[in-house]
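Chains F and Z, in that order, give the protein sequences. FYI, our numbering numbers position 53 of the first sequence as 53, with every residue one higher than the one before it. Numbers in our numbering are just positions in the second sequence, counted from 1, shifted up by 1000.
Take the hints with a grain of salt, since some may be wrong.
[What the hints assert, rightly or not] Derived CB-CB ranges, DEER-like:
{"id": "1", "chain 1": "F", "residue 1": "45", "chain 2": "Z", "residue 2": "1118", "range": "34 to 44 Å"}
{"id": "2", "chain 1": "F", "residue 1": "71", "chain 2": "Z", "residue 2": "1139", "range": "35 to 45 Å"}
{"id": "3", "chain 1": "Z", "residue 1": "1136", "chain 2": "F", "residue 2": "137", "range": "51 to 61 Å"}
{"id": "4", "chain 1": "Z", "residue 1": "1038", "chain 2": "F", "residue 2": "147", "range": "35 to 45 Å"}
{"id": "5", "chain 1": "Z", "residue 1": "1168", "chain 2": "F", "residue 2": "138", "range": "47 to 57 Å"}
{"id": "6", "chain 1": "F", "residue 1": "112", "chain 2": "Z", "residue 2": "1145", "range": "35 to 45 Å"}
{"id": "7", "chain 1": "F", "residue 1": "156", "chain 2": "Z", "residue 2": "1168", "range": "27 to 37 Å"}
{"id": "8", "chain 1": "F", "residue 1": "118", "chain 2": "Z", "residue 2": "1110", "range": "24 to 34 Å"}
{"id": "9", "chain 1": "Z", "residue 1": "1064", "chain 2": "F", "residue 2": "121", "range": "15 to 25 Å"}
{"id": "10", "chain 1": "Z", "residue 1": "1136", "chain 2": "F", "residue 2": "79", "range": "27 to 37 Å"}
{"id": "11", "chain 1": "Z", "residue 1": "1176", "chain 2": "F", "residue 2": "79", "range": "25 to 35 Å"}
{"id": "12", "chain 1": "F", "residue 1": "166", "chain 2": "Z", "residue 2": "1036", "range": "51 to 61 Å"}
{"id": "13", "chain 1": "Z", "residue 1": "1064", "chain 2": "F", "residue 2": "71", "range": "16 to 26 Å"}
Everything labelled a hint here was simulated from the structure, so no lab data went into it. Built from N, CA and C at the ideal position, the CB exists for glycine as well.
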Amino acid sequence: MAQLNQRCDICNVSAFAPNHEAENSLHTPVNIETSWPDAIYAHFRRVDIRQVGYVPDAGHSRLITLCCDDPNIADVVLTTEEEGVGLVAGAALGGQRAALLMQSSGVGNCINMFSLLRNCGFGCVVLVTMRGEFGEFNPWQVPMGAITEDVLRLSGFLTYRIDSADAVDEIVGAGCDMAFNGNLQVAILLSQRLIGPKVWTR
Amino acid sequence: MLDRRDFVRQLLIDRGDLLVVPGLGSATYDVAAAGDHPLNFYLWGAMGGTAMIGLGLALARPDRRVAVLTGDGDMLMGLGSLATIGVKQPKNLAIVVLDNAHYGETGMQASATKAGVDLVAIALACRFKQASAISRIEETADLRALLHAGDGPILISARIRDEDVPRVLPLRDGHAIKQRFIEALNSP
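Just chain F, with the same shape it has in the complex (with noise of 0.2 Å):
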């Protein structure tokens, strides 16, 4: 686990606390030592975004650090995910490229406000940890996790759709460059096969 970050605005009640993580093992996936997050953050870097917006999610926890871990990247915690829609045309509108992290589930909650990127053209990378698939354990997940791409297609959003880790690095570098060279909206999967099931073990 990267180590604890220590400008991070509200580390002490983050998923990225060592007490709070051990409290909460049940909620790391198996595969979150794998080096993906960092092919992420690598364009990240390369397209300069400096603001990166999210609702916590344990798929994302490795890339929350090391944007949180960032000086150049304002790492802005949401308490629901639309507010990063408008989190992103404000950056936008001062000159500043913007991503937001979410899980599948958060999808739905920004499908009015996602209504302000398409009209102003506003590009925006949105990678969305999905739920409620491939070996998904809790069936409340499921509904959401089923029409998240669809509903993502119908709001006016590019999707691309990532199965393993070593498709990573291509897909998010061609999204990035079709976000902010055009101005579009762009999201990709980070599919349940990549980011491994939750692991439920009490």
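Assemble chain Z onto chain F, guided by the hints.
Frame of chain F; chain Z shown alone:
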């Protein structure tokens, strides 16, 4: 109680390089009525998102002052964003809620502030540096100074009369509003 048009007009006098994000509905009309300006990012939708647009802009441009002007209905829909802003503590962001305790755009139904839900107390609980209510037009000059130089995040609940005023409709094309704003912000 304040006359909303008079209050917003006085608030934006000598606005200089202030960046203004008005929320959908009456706030957008009030800001347009005070005088069209390329550094207004008029919203015609995205209800609940106005304060967060202000946050993204304030973080991107710490060298500039950002004023969100919006209604109580929009602010209530985005209450969580007050917590989000409280975490980031942007010094250059002020939110002015034009609070008439009603949903003016849809037939003047009562909002939660009508029942006494207190946006000022919520903002303070969310770690805003300053939050207060105003209801007298004589207080506008002090508030204007606060917008331009006060230590943020700031939230002001401006108690306005619950009256219908004529609509003043600015640009509606989102791409045009965005492009005009960005060009003005980046012009020397």
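Outcome of the hint check:
1. The hinted range of 34 to 44 Å is satisfied by residue 45(F) and residue 1118(Z), whose Cβ atoms lie roughly 43 Å apart.
2. One distance hint, 35 to 45 Å for the beta-carbon pair residue 71(F) and residue 1139(Z), holds here, with the actual separation near 39 Å.
3. A hinted range of 51 to 61 Å for the beta carbons of residue 1136(Z) and residue 137(F) is consistent with their spacing of about 59 Å.
4. Distance hint check for residue 1038(Z) and residue 147(F): the Cβ-Cβ separation is about 40 Å, which falls inside the suggested range of 35 to 45 Å.
5. For residue 1168(Z) and residue 138(F), the hinted distance range of 47 to 57 Å is satisfied, since their beta carbons lie about 50 Å from each other.
6. The beta-carbon spacing between residue 112(F) and residue 1145(Z), approximately 36 Å, falls within the hinted interval of 35 to 45 Å.
7. Between residue 156(F) and residue 1168(Z) the beta carbons are some 30 Å apart, a value that agrees with the proposed interval 27 to 37 Å.
8. Checked against the hint of 24 to 34 Å, the pair residue 118(F) and residue 1110(Z) passes, with Cβ atoms roughly 33 Å apart.
9. Evaluation of the 15 to 25 Å hint for residue 1064(Z) and residue 121(F) yields a pass: the beta carbon distance comes to about 22 Å.
10. Distance hint check: the CB atoms of residue 1136(Z) and residue 79(F) are about 33 Å apart, consistent with the given range 27 to 37 Å.
11. About 31 Å separates the C-beta atoms of residue 1176(Z) and residue 79(F), a value consistent with the hinted range of 25 to 35 Å.
12. In this structure, residue 166(F) and residue 1036(Z) meet the distance hint of 51 to 61 Å, their C-beta atoms being roughly 53 Å apart.
13. The hinted window of 16 to 26 Å between residue 1064(Z) and residue 71(F) holds, with their beta carbons roughly 21 Å apart.
The structure meets every hint from the earlier list without exception.
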